[in-house]
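These are the residues of each chain, in order.
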Amino acid sequence: MEQAEPVKKGGRWQGWLEERLGWDRLSEFLAHKKVPVHSGTLWYYFGGITLFLFGIQVATGILLLLYYRPTAAEAYESVQFIVTRVEFGWLIRSIHSWSANLMVLTALIHMFSVAFLRGWRRPRELTWLSGVLLLGLTLALGFTGYLLPWNTTAYFATKVGTDLAGSVPLVGPALARFLRGGDEVTGATLTRFFGFHVALLPALMTALLGLHLALVQRFGISTPPLLESRGDVPQMPFVPNFVLRELMAWYLALGALGMLAALFPWPLGDKADPFAPAPAGIRPEWYFLAAFYTLKLLPSRLWVLESEQAGLIGLGLLALWWATLPFWGVRPDGRERTRLVTGTGVLLIAWLSTFSVLGYIE
Amino acid sequence: MNLTLAVLLMLARAEPSRDTCRDCHAALEGPLAKPAVEFARDVHARSGFGCASCHGGDPTEEDPALSMSRARGFVGKIARTAIPRTCARCHSDAGLMHRFKPQQRVDQLAQYLTSVHGKRLARGDPAVATCTDCHGTHGILEVRNPQAPTHPLKLPATCGQCHADSRYMARYGLPTTQLAEYRASVHWEALSQRRDLSAPSCASCHGNHGATPPEVSSVAAVCETCHALLEELFRKSVHQPLFATMERGGCSVCHGHHKIERTSVDMLDGERSVCAQCHEPGSAGARLAAEMGRRIRELRVALDRSDQILARAARDGMEVSEAVLGRQEAREALVRARVAVHTTNLQEVLAWTKHGMAVAQATRQAGEEALRERDRRRMGLAVSLCAIGLAIAGLWLKLRSLESNRAGQ
Amino acid sequence: MLIRVSESEWRAFGATCTHLDCTVQYRSESQQIWCACHNGFYDLNGRVVAGPPPRPLEEYVVRVRGEEVVIARRN
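Protein chains in written order, with this note's numbering: chain Y, 769 to 1130; chain P, 2 to 410; chain H, 114 to 188.
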């Protein structure tokens, strides 16, 4: 007996894949997914932009991997080779460096917009937590990647950074030795950071990102509580309206990246010389400046603790406080602690921006 | 007498701690206390010598009648004409010096006696320099000690104590402009500002103990001790035999003795020309100098231009480190060209200027290529931005049509 | 400058004199490195033997790989 072949939309190939991959369920789901439309919708794009920039990082990173050599003797020269001799190497390298910075910025914007728009409320607590962890991973990727060109600023920034890690109470010295692969920043540190930067951290990042995105898909985009209480909020379909808008945002980000990479190419610097004294005015990248400057300001002893220890404990507590926002942001009865949440967010932004500026002009 | 002195010397060394001379004089006031106070930092004190080593007497006796008795060798204040002999008792004794400083020379007195100072002193003139005038009397420090009056940084002032004093030098009919001239020189600048202790001070050219102005014929040899290459080049020139027959002092004819200033290509031609001292304008010599000057200036201009372009390219983010290395080679060619003027041979100068021009041109071209590449990148950026703009516009139009359709529905 | 000291041993130094940055040169008759500017001399280990240079020449690491000689800065 002949079985009539069901006619699938879009041709035979699509039908072939659909039978095996089960796309129809996905497209069904996407067709019904909606995004709230209101004055704060603009902020909804920043998560996607961060994801886009991560994709750029992976792509440019893989291209750089083709030429980069992770040893102290060859790292700087290999980056120099990429920038001078490889066709468009200068572009890929500059995009990679600029995109790293932009990614941190958009991640922060995304995080603060979610905080203020209350996207962390039940049942989205895990989404928030995974997001905070993702930010931490992004900063770690930035820190490990910064050392890889093995130039003077990179070398001394890493020295200062790992010294600070060594000040963590109890586990500090062991942590510092683990990070450095020894007691000093050497070629061993470089190779180790390379492993972290291209393998370990991207793997963790991908896994967490998968969780984060899956949770976002499961619960949908949240509507701010104020609007929710007012009743029906207009919605736009995820596909194609939100997606097209997101694509426009991605193109804008790409254009911005291109401009930065072409007009302000990332400098090569001088090859690191461990025996030379640290250059005057050495400071970390902008996203670490606030913490760095705060630690510098602390008096040398706080009760029984050294200033770095006290500072790190303080910063750690602050991070913990911020990470547990979904839990203290609502009262046991379910009502939101509006002023506390908004106040914390505003203070945090104020601290970050003021101290970053202060750390920069010092 | 000498035997007594020797015995006393040995005694003095055997008991360095017991020195009644110092103990008493330190307790006195005024000028009598000064020697005892100064001697504390003297280099001889460290080696176990005391007052009696030079002045005689008995440093173990408290009674001044005994410690300062002639019978025990006391000579009191040493006469100026006797000072060199006194110092030489130890400093010309190789066996003795060997026990304290094996490397130290022991011919200072012999050298001194050949100097103008030594000769005049031997004829009884006490007004010339003796050992203590330069080295100090009681607080004598090693030459390498920055506080010693014989340290290279202080030596010109020490010589100048007499040689820059016009009243003092009047009786000898000597000029006193040397110190001021030397202070205006590039050698003093190297010493005083860059702390380059290899730069010459008075003793480097005149000698220290056998201080004599170099003979006219040996000026070039003196300069040669540091400026070896220049001397080699100068020997190839027409000036060298000429200056010798004219009894003019080699290098100093053009560069001066003490006021040796920073050289520049202006010394060849133009207002500050030294060639014009002898060569009339329009003469073969003047024309040769002018040609050399022209070529060297041309090379310098080419270097500057190439530097400017490379700096622009580097500032705009282009990678030009290789070309910058080439610049080093061009700079060296410029130095060699300038130095080659000493040969008075145009071909030697040309060889270097031609090489330098070629390198400068290559680096300039590298810089210009970098700037062109920069422009290409900017053009690429502009094109990409247009493409992105078009894509964004396309998306926006599609959105608009979608949404108006939906609204229409 | 790259110097072949023996059949298998190579040495490399920066050719910039440590006195006033002139370029040095090799003198085969005395087997020394000489700076023409102010008569400074270095031995084949880059150490100062005479004249005004205050420091030895900067030394580079030399590795011979078959037909190639690779020079790198010290770390």
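I should point out that these hints are in silico values taken from the structure, not numbers from a laboratory. Every residue, glycine too, gets a C-beta built ideally from N, C-alpha and C. Be aware that a few hints might be false.
[To be verified] Selected chain H positions facing chain Y (Cβ under 10 Å, derived; list incomplete):
#1 V174
#2 A185
#3 R186
#4 R187
Now the hints, each set against the structure:
With a cut of 10 Å, the hint placing V174 (chain H) at the interface with chain Y holds, because the nearest CB-to-CB distance is about 8 Å. For A185 (chain H), the shortest C-beta to C-beta distance to chain Y is roughly 6 Å, which falls under 10 Å, so the interface hint holds. About 6 Å separates the beta-carbon of R186 (chain H) from the nearest beta-carbon of chain Y, less than 10 Å, and the hint is met. Taken as an interface hint, R187 (chain H) checks out: its beta carbon lies about 8 Å from the nearest beta carbon of chain Y, inside 10 Å.
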